[in-house]
Amino acid sequence: MNCPSRKNKSGLICVLMISLMVGGAAFLQAQEAPNRVAPAEPDPFAAQGQADYFSQMKKPEGQYIIGEKLIIVIAKDHKTVWGYSPATGKWNSKKVHKPNGEKVVPMIGGNMACFQAGDRLYGFSGTTGYWASQAVDDGEKVALSLYDEFALGIIGTRYYTFSRTTGSWDMLDTKLP
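For the sequence shown, position 41 matches number 41 in the numbering used here, and the numbering has no gaps at all.
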């Protein structure tokens with residue numbers, strides 16, 4: 001398609017049609033770029049300034065996970081976890097007993113966090129602001145599912161539940177005598 005000069009209306013319409021046919025939104029932006037005015041003040045997050053700004057910030061130790069109603073922080077060595085509850089306005093910590101090399105990987109949902117480390121299940125309630133733990137048979141892995149009010153883990157005939165409301169674990173064994 002041959003277009004007349006872009007300086008008149010028919011030429012501009014022709015260029016617009018071609019650019020739309022070939023997905024030229026970027027072309028239109030590029031055409032406008034020379035007419036843009038530079039900002040009056042320099043951008044505080046310009047490439048060099050941004051690098052300087054962030055390099056001066058102290059990096060947090062460990063990892064953190066932010067849920068809708070709680071925060072979980074995991075120590076760098078994965079031997080301690082902290083939970084923050086906006087309901088109580090307090091942090092609460094828990095030592096984690098885990099095999100060496102095992103990482104703490106909490107699941108968060110329904111204003112609680114749960115995970116397994118070694119032979120224990122751990123739960124943090126954003127409602128109470130406290131941690132609780134529950135022993136499981138050594139070597140057994142529990143697949144946890146989180147719901148609005150509770151967490152559930154099942155191993156064979158055993159049902160492990162964590163209540164968000166009470167912040168405690170319970171276990172039911174349905175094995176027949």
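One should not assume that every hint holds.
As the list claims (entries may be wrong) - Derived lysine-lysine pairs resembling DSS-like cross-links, with alpha carbons at most 27 Å apart:
#	residue 1	residue 2
1	Lys175	Lys79
2	Lys76	Lys94
3	Lys95	Lys79
4	Lys76	Lys175
5	Lys69	Lys94
6	Lys141	Lys103
7	Lys141	Lys175
8	Lys79	Lys103
9	Lys141	Lys90
10	Lys103	Lys76
11	Lys79	Lys94
12	Lys95	Lys69
13	Lys79	Lys98
No lab work stands behind these hints: they were computed from the structure.
None of these values were measured; they are calculated from a predicted model.
These are the hints, each one checked on the structure:
no.	hint	verdict
1	Lys175 - Lys79	34 Å, violated
2	Lys76 - Lys94	14 Å, holds
3	Lys95 - Lys79	6 Å, holds
4	Lys76 - Lys175	40 Å, violated
5	Lys69 - Lys94	19 Å, holds
6	Lys141 - Lys103	14 Å, holds
7	Lys141 - Lys175	18 Å, holds
8	Lys79 - Lys103	9 Å, holds
9	Lys141 - Lys90	31 Å, violated
10	Lys103 - Lys76	10 Å, holds
11	Lys79 - Lys94	9 Å, holds
12	Lys95 - Lys69	22 Å, holds
13	Lys79 - Lys98	7 Å, holds
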